[in-house]
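Enquirer: Now for the letters of each chain:
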Amino acid sequence: MEFLKQLLGLSGVSGDESLVSDWLIKQILQRMGSWKVCPKIYSGEDFHDAILLKFGEPRTAVFAHIDTIGFMVRYNNQLIPIGGPEFIEGTKLVGKDSLGEIRCKLAGTEDAMFYDFPRAIERGTRLTFEQNIRISSGFIQAAYLDNRLGIYNAFRLCENLENGWVVFSTYEEHGGGSMPFLLKFIQETAPIKQALISDITWITEGIEHHQGVVISLRDKFIPRKKFLDRVLALADQSKIPYQLEVEAYGGSDGREVQFSPYAIDWCFIGAAEDHVHSPDEKVSLADLDAMISMYEYLMKEL
Amino acid sequence: MEFLKQLLGLSGVSGDESLVSDWLIKQILQRMGSWKVCPKIYSGEDFHDAILLKFGEPRTAVFAHIDTIGFMVRYNNQLIPIGGPEFIEGTKLVGKDSLGEIRCKLAGTEDAMFYDFPRAIERGTRLTFEQNIRISSGFIQAAYLDNRLGIYNAFRLCENLENGWVVFSTYEEHGGGSMPFLLKFIQETAPIKQALISDITWITEGIEHHQGVVISLRDKFIPRKKFLDRVLALADQSKIPYQLEVEAYGGSDGREVQFSPYAIDWCFIGAAEDHVHSPDEKVSLADLDAMISMYEYLMKEL
Amino acid sequence: MEFLKQLLGLSGVSGDESLVSDWLIKQILQRMGSWKVCPKIYSGEDFHDAILLKFGEPRTAVFAHIDTIGFMVRYNNQLIPIGGPEFIEGTKLVGKDSLGEIRCKLAGTEDAMFYDFPRAIERGTRLTFEQNIRISSGFIQAAYLDNRLGIYNAFRLCENLENGWVVFSTYEEHGGGSMPFLLKFIQETAPIKQALISDITWITEGIEHHQGVVISLRDKFIPRKKFLDRVLALADQSKIPYQLEVEAYGGSDGREVQFSPYAIDWCFIGAAEDHVHSPDEKVSLADLDAMISMYEYLMKEL
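Residue numbers (our numbering), protein chains in the order written: chain A, 1 to 302; chain B, 303 to 604; chain C, 605 to 906.
No wet-lab data here; the hints were simulated from the structure. Glycine included, each C-beta is placed from N, C-alpha and C at the ideal position. Check before you lean on any hint, since a few could be wrong.
Once the Cα atoms are required to be at most 27 Å apart in a straight line, the calculated DSSO-like pairs of lysine-lysine come out as [claimed, not checked]: (1) C/K630 / B/K495; (2) B/K486 / A/K184; (3) C/K788 / B/K527; (4) C/K829 / A/K184; (5) C/K797 / A/K54; (6) B/K486 / B/K342; (7) A/K40 / C/K830; (8) C/K824 / B/K528; (9) B/K528 / C/K696; (10) A/K239 / B/K398; (11) C/K630 / B/K527; (12) C/K700 / B/K541; (13) C/K830 / A/K92; (14) B/K541 / A/K225; (15) A/K54 / C/K830; (16) A/K184 / C/K797; (17) B/K407 / A/K220; (18) B/K394 / A/K226; (19) B/K328 / A/K220; (20) C/K829 / A/K96; (21) A/K184 / C/K788; (22) A/K105 / C/K824; (23) C/K824 / A/K184; (24) B/K307 / A/K226; (25) B/K522 / C/K824; (26) B/K486 / C/K788; (27) A/K26 / C/K797; (28) C/K658 / B/K528; (29) B/K398 / A/K225; (30) B/K541 / A/K226; (31) C/K788 / B/K528; (32) C/K829 / A/K105; (33) B/K527 / C/K696; (34) C/K830 / A/K96; (35) B/K356 / C/K788; (36) A/K184 / A/K225; (37) B/K522 / A/K220.
Incomplete in silico selection of chain C near chain A, CB under 10 Å [unchecked claim]: (38) D650; (39) R828; (40) K830.
Using the sequences and the accompanying hints, generate a full structural model.
Expert: Structure below.
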């Protein structure tokens, strides 16, 4: 949990993931000695701020995006969104420009957002939700559980993983853009036919807290039924609690797997949260445990 | 026509094309003995549910998508669309889940669709329009003429084709996703510079029944004028009746040719239907004949 | 300036860029003898209507799109847009079909545009704004400064360029489609890690005439901060006047660099115009000079 708390404290909106990337590399180097299999690490400027870990002989890749939503300063105290942050007046935002640290408030309306701060903030400055981590009564609540929990899950998976890619992608919240080069690298290095998207989804009228990890049958995009059928058969076998999601909207790194020039099946599997894209994202710890168990199981069996 | 009737009876919404794919493979194996040239067949899990046929030395590829629009069951009797099906209250839908066969009715509104059925249907179940084929007075009317007729055209083309790719793609109705890997495979196997999209378009104020196959000068996307000029010159030479379409909306597999990392020209050529994406799609048999003749001519001359 | 005036007189809407392409090739062949480095030229049908120039050992590529917005004739005197032209009733449009030259007026409304001409114009005919070039008081005003000035900048850059790609792309105004194959060719021929987009942006509440070339920190898409930081440090060093743009909307060839399967950083740098996508686009000549100077500086230093 110390890992998760530190990770939740790091800011890294889409396009500015280097801080998270550097921290993750440090964690990997510190911990990989105790992992069952020592992965080959691919990172650095050739991969921008993304990181790939290759364990053994991969059949499947797990993708966890390391960027978050946020805000960018425009002109005249205006803010424009990075990804799709929830507008809640008065939300505390933090950041930094060349004049120093910033702690300000979100003002205006959803269509015309402003910051409330005593001085002008430099153009292009990135602001994020002020972090406030709350763990109690079987829940974790904080900003950016999406997708810090997805990263945490991928990292926990590394402990016992024998064969597979674990990939930390960037830019997911703002339309994507790292997946195409990551997939090309994977397919030219140790190709796979299956991908799991380690990300956080939504509490809805069909998805509830404490009912297990969510396996998504579709969001805006639709995985191939043949692959879903295999995943579901294994999920049943596993006895790990899970729920089935069917959505018309939303997307993930799975979208870019789907539209890549490779015949790779994909499926989104992750815990659900409410208060999505706000400072108060809330996830059941039991669902998070089910997510971790399901990934360990599927990466062995798929 | 027996081929077409059987094909119209098969369900295969985007993401669940395996039934159609398996049936097509069987038809190809049965009939290819009588074709002028014996194609090389590429299919199976490496191609998901798509199929490629290579005849001789290809200069041009023909793409016909094998998926259809439909519906997916969500929660609480809700349905969400796959592709863009027309909402008509009371339309009969069919499908199957683990509890058995389903025949139900479409209810609700365009923005909040439901099924009307005595029991709950399992999450993720795919439903399609109940089929009702009507042939009379020079027309064929049925669900899913888009794109069963495009498949039929591509299949008829195979009989006398000497050089070219005939490709059965998937996922077209729901944003695409097989074209990128199909195009990559084609360009790495026997590359082409030209693509024809064998698909069905719309009756509009400028496109009428019985006026010939439609050659589309644009939909949402715009083919290159130099290629269109060559296609039109050949179409004139052919004496086969055709009409010119100019639309601001709509897309096809041509979109993915356009955005692929290959310099391949493309053009959409197909008969027009009215009652688009409903159970009552209607196409002139003379226009279908013109489509078949035009493909045979162009694949020789282009 | 004679170069620019001739270029502004050439019509070339997205999909029909061959006239501009042929003229550019002629200019390149005439002038390259006086350039510091003689580039390798890639053009012709394998590249559709795009052109690539390779100078020395490239680290960075400059992209300038050669297409413009315009209109296409549909049915019953209707026009549909190519790209996003501004609707201004009475605007003079010119073009040509098999019956001869056309000079007509734009009529109707933004959602239902028509042409006003004594005879029917053939389906698919492309129309463009009638050109009217005005140079005075430190400004240039004309149709299609976007992106004839971007081409002009790229062409001026060629005079002293030692290392780099200069690329003339197509289809940018209408969703793109040449960048994927251009980037693939570049990466397989002389790969780069950096791209500059030589294009024209907008005067807004934060961007003014005569304040220097615009360096865009984001439009709808967001370049990587690490790369922006390097560009800005060099821009400061250069002492060339520049302004910082932060926009929520708009796109450029940079979008396709971002979503390509290559880890290439990109940044949009160009002068700003008002009366965007109208016949009266207006750019400060001082800003254009700053653009030319900035490209020369950055292509040396990046």
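Enquirer: Compare the structure with each hint and give your call.
Expert: Outcome of the hint check:
1. C/K630 / B/K495: Given that 27 Å is the threshold and the Cα spacing comes to 25 Å, the pair holds.
2. B/K486 / A/K184: holds, 12 Å
3. C/K788 / B/K527: holds, 23 Å
4. C/K829 / A/K184: Cα-Cα ~23 Å, so holds.
5. C/K797 / A/K54: Measuring from Cα to Cα gives roughly 24 Å; hence the hint holds.
6. B/K486 / B/K342: Holds, at about 17 Å.
7. A/K40 / C/K830: holds, 25 Å
8. C/K824 / B/K528: violated, 32 Å
9. B/K528 / C/K696: holds, 26 Å
10. A/K239 / B/K398: Roughly 25 Å between the alpha carbons, so the hint for A/K239 and B/K398 holds.
11. C/K630 / B/K527: holds, 21 Å
12. C/K700 / B/K541: Between C/K700 and B/K541 the Cα gap is close to 25 Å, so the pair holds against 27 Å.
13. C/K830 / A/K92: holds, 26 Å
14. B/K541 / A/K225: Answer violated: B/K541 to A/K225 is near 44 Å, above 27 Å.
15. A/K54 / C/K830: holds, 26 Å
16. A/K184 / C/K797: The given pair, whose Cα atoms are some 16 Å apart, holds under the 27 Å limit.
17. B/K407 / A/K220: Roughly 24 Å between the alpha carbons, so the hint for B/K407 and A/K220 holds.
18. B/K394 / A/K226: holds, 26 Å
19. B/K328 / A/K220: Measuring from Cα to Cα gives roughly 33 Å; hence the hint is violated.
20. C/K829 / A/K96: Roughly 14 Å separates the two Cα atoms, so the pair holds.
21. A/K184 / C/K788: holds, 12 Å
22. A/K105 / C/K824: Judged against 27 Å, a Cα distance of about 24 Å means the pair holds.
23. C/K824 / A/K184: holds, 25 Å
24. B/K307 / A/K226: The given pair, whose Cα atoms are some 26 Å apart, holds under the 27 Å limit.
25. B/K522 / C/K824: holds, 20 Å
26. B/K486 / C/K788: holds, 12 Å
27. A/K26 / C/K797: holds, 25 Å
28. C/K658 / B/K528: Since the Cα atoms of C/K658 and B/K528 sit roughly 26 Å apart, the hinted pair holds (cutoff 27 Å).
29. B/K398 / A/K225: holds, 14 Å
30. B/K541 / A/K226: With a Cα-Cα distance of about 45 Å, the restraint between B/K541 and A/K226 is violated, given a limit of 27 Å.
31. C/K788 / B/K528: holds, 23 Å
32. C/K829 / A/K105: holds, 24 Å
33. B/K527 / C/K696: holds, 23 Å
34. C/K830 / A/K96: Status holds; Cα separation ~15 Å.
35. B/K356 / C/K788: Holds, because 25 Å separates the two Cα atoms, which is no more than 27 Å.
36. A/K184 / A/K225: holds, 24 Å
37. B/K522 / A/K220: holds, 20 Å
38. D650: With a minimum Cβ separation of about 20 Å from chain A (threshold 10 Å), the hint on C/D650 is violated.
39. R828: holds, 5 Å
40. K830: holds, 6 Å
In summary, the structure is inconsistent with hints 8, 14, 19, 30, 38 from the numbered list given earlier, while agreeing with the others.
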